[in-house]
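Modelling step: build the complete structure from the supplied sequences, incorporating the hints.
First to last, the sequence lines map onto chains A and B.
First residue of the first sequence? That's 217 in this note's numbering, and the numbers climb one at a time after it.
First residue of the second sequence? That's 2 in this note's numbering, and the numbers climb one at a time after it.
Treat each hint with caution, since some may be false.
Result set (BS3-like, lysine-lysine): computed pairs, CA atoms no more than 27 Å apart in a straight line [said to hold, decoys possible]:
(1) K279(A) to K96(B)
(2) K143(B) to K296(A)
(3) K84(B) to K96(B)
(4) K279(A) to K218(A)
(5) K84(B) to K297(A)
(6) K331(A) to K75(B)
(7) K296(A) to K142(B)
(8) K96(B) to K288(A)
(9) K84(B) to K307(A)
(10) K70(B) to K311(A)
(11) K293(A) to K311(A)
(12) K74(B) to K331(A)
(13) K70(B) to K296(A)
(14) K293(A) to K96(B)
(15) K70(B) to K307(A)
(16) K143(B) to K158(B)
(17) K74(B) to K158(B)
(18) K307(A) to K96(B)
(19) K297(A) to K60(B)
(20) K307(A) to K142(B)
Simulated coverage check for chain B against chain A, where a stretch passes if three residues somewhere in it have a Cβ under 8 Å from a Cβ of chain A [what the hints assert, rightly or not]:
(21) 72-80
(22) 92-106
Hints are computed from structural coordinates only; laboratory data are not their basis.
This structure is a prediction, so every number in the text was calculated from the model and none was measured.
All C-beta atoms, glycine included, are put in the ideal place defined by N, C-alpha and C.
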Amino acid sequence: MKKLRKWSRILHRDIGFFFIGTTILYGISGIALNHLSDWNANYSVEINEFNTELNLRNNPNVKENILVLLDKIDNSKNYKKHYYPNSHRLKIFLKGGSSVTVNTNNGYVRAEYLKRRFLIYHANYLHYNPNRLWTWFSDAFAGALILFAITSLFMLKGKKGIKGRGGIYTLLGIVIPILFLWYYI
Amino acid sequence: MKKIVFILVAMAAIISCKNETKKTEAVQNQDEIAVVETPEILIGEFDAKAGEFVNKEVKIQGIVDHVCKHSGKKLLVVTDNGKIHVTSDVRFDDKIKGNEIALVGTVLEDKIDESYCLKMEEDNIKSHSEGASNKEQFENKKNHIQQYRDAMKAENKEYISEYSLQYVSHTIVE
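As structure tokens, this is what we get:
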């Protein structure tokens, strides 16, 4: 038992140090992605609304006026594509995910500028498992989490360990998801 | 003996080169056949023509208006004349938004009938009561369900078909 306790501490400590960065990263993006209905987890959105007198109705030469509009509010070099969702609405796509919509009847313009959220965008990118190499690393991390759980059972002895307070916490941590499942499924 | 070995090696090399050429030609031919066989449908005509291509591959071309922010596996591809929903097994990078793409996908048919509407209604109420959707989203969905019912009534049918694409491949159109 002494040997098991000793190795549990060593593994928990050393592998824990190794995965500190990854744990924080997954924690941050976990909260961010849990609230996708409430906010844009990857980008902050800045809205700019104004009116234009440019003729942006659907015609073969409209691109010239679109570029003029973009130079006024951003940079025409950021133009990607445009289309008309209906007869009086124009949508222009810009590089970087931003877009501009125009009511071609009354000239009302609404520009949505997207800016990547610092750190959260990158954390989300990794959380979504972008490639095979990251799959291996994140599998190793998931395995390490299981190892942390198991080793934590043996790390301490006495009333703070699994036979005391630790046991109560462990039980609570197991009961809560079970209660949740029981209630909702 | 050396000469015989040399001749055998030379012959083997020539034969392997020939086979290689044939293989390459065969692959090229297959590719050509595959490209020729995939029919292209204009997005504006998709709803009218998709019924003829259910479970078959078609090619479309349009601008990516939207990438699902939740899963990253749904696209809305649009032109001035219409839109198509595309679902995929792989995630799309949101940089694809605003690009014009040529996309090959398999046509899927969803049959919307009264039981489907009832299920949608139930899900809509449940998600709203659990706080998963706000009032605006709840009302939009409610109106959407009513539109299905109105369409069934107008066409005097027990169901209406909605078509979408299951993603196969795409290329960016410059």
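Here is how each hint holds up against the structure:
The hinted pair formed by K279(A) and K96(B) meets the criterion: a straight-line CA distance of about 22 Å does not exceed 27 Å. Between K143(B) and K296(A), the direct Cα distance comes to roughly 35 Å. Violation of the 27 Å bound is thereby established for this hinted pair. For the hint pairing K84(B) with K96(B), the CA-to-CA distance comes to about 19 Å; that is within 27 Å, so the pair holds. Restraint check for K279(A) and K218(A): the C-alpha separation of about 76 Å exceeds 27 Å, so the hint is violated.
The straight-line distance between the Cα atoms of K84(B) and K297(A) is roughly 15 Å, inside the 27 Å bound, and the hint therefore holds. Straight-line distance between C-alpha atoms of K331(A) and K75(B) comes to about 22 Å, which keeps the hinted pair within the 27 Å bound. Using a Cα cut-off of 27 Å, the hinted pair K296(A) and K142(B) is violated, with the two alpha carbons roughly 31 Å apart. With a C-alpha separation of about 24 Å, the suggested pairing of K96(B) with K288(A) holds against the 27 Å cut-off.
Pair hint K84(B) plus K307(A) holds up; C-alpha atoms about 14 Å apart against a cutoff of 27 Å. Straight-line distance between C-alpha atoms of K70(B) and K311(A) comes to about 17 Å, which keeps the hinted pair within the 27 Å bound. Proximity of K293(A) to K311(A) is assessed by CA-CA distance (about 9 Å); at most 27 Å being required, the pair is judged to hold. A distance of roughly 22 Å separates the Cα atoms of K74(B) and K331(A); the hinted pair therefore holds under the 27 Å criterion.
A distance of roughly 20 Å separates the Cα atoms of K70(B) and K296(A); the hinted pair therefore holds under the 27 Å criterion. At most 27 Å may separate the alpha-carbon atoms for a hinted pair to count; K293(A) and K96(B) meet this at roughly 16 Å. Straight-line distance between C-alpha atoms of K70(B) and K307(A) comes to about 19 Å, which keeps the hinted pair within the 27 Å bound. Restraint check for K143(B) and K158(B): the C-alpha separation of about 21 Å stays at or below 27 Å, so the hint holds.
For a cut-off of 27 Å, the pair hint linking K74(B) to K158(B) is broken: about 32 Å separates their Cα positions. Between K307(A) and K96(B) the CA atoms are separated by roughly 17 Å; this keeps the pair inside 27 Å, and the hint holds. Taking the CA atoms of K297(A) and K60(B), the gap is about 20 Å. The hint holds against a cut of 27 Å. A distance of roughly 24 Å separates the Cα atoms of K307(A) and K142(B); the hinted pair therefore holds under the 27 Å criterion.
With 3 residues bearing a CB less than 8 Å from a CB of chain A, the stretch 72-80 of chain B meets the requirement of three and the coverage assertion stands. A stretch counts as covered by a chain when three or more of its residues have a beta carbon under 8 Å from one of that chain; for the stretch 92-106 of chain B and chain A the count is 7, and the coverage holds.
Hints 2, 4, 7, 17 from the list above are not met by this structure, while the remaining hints are.
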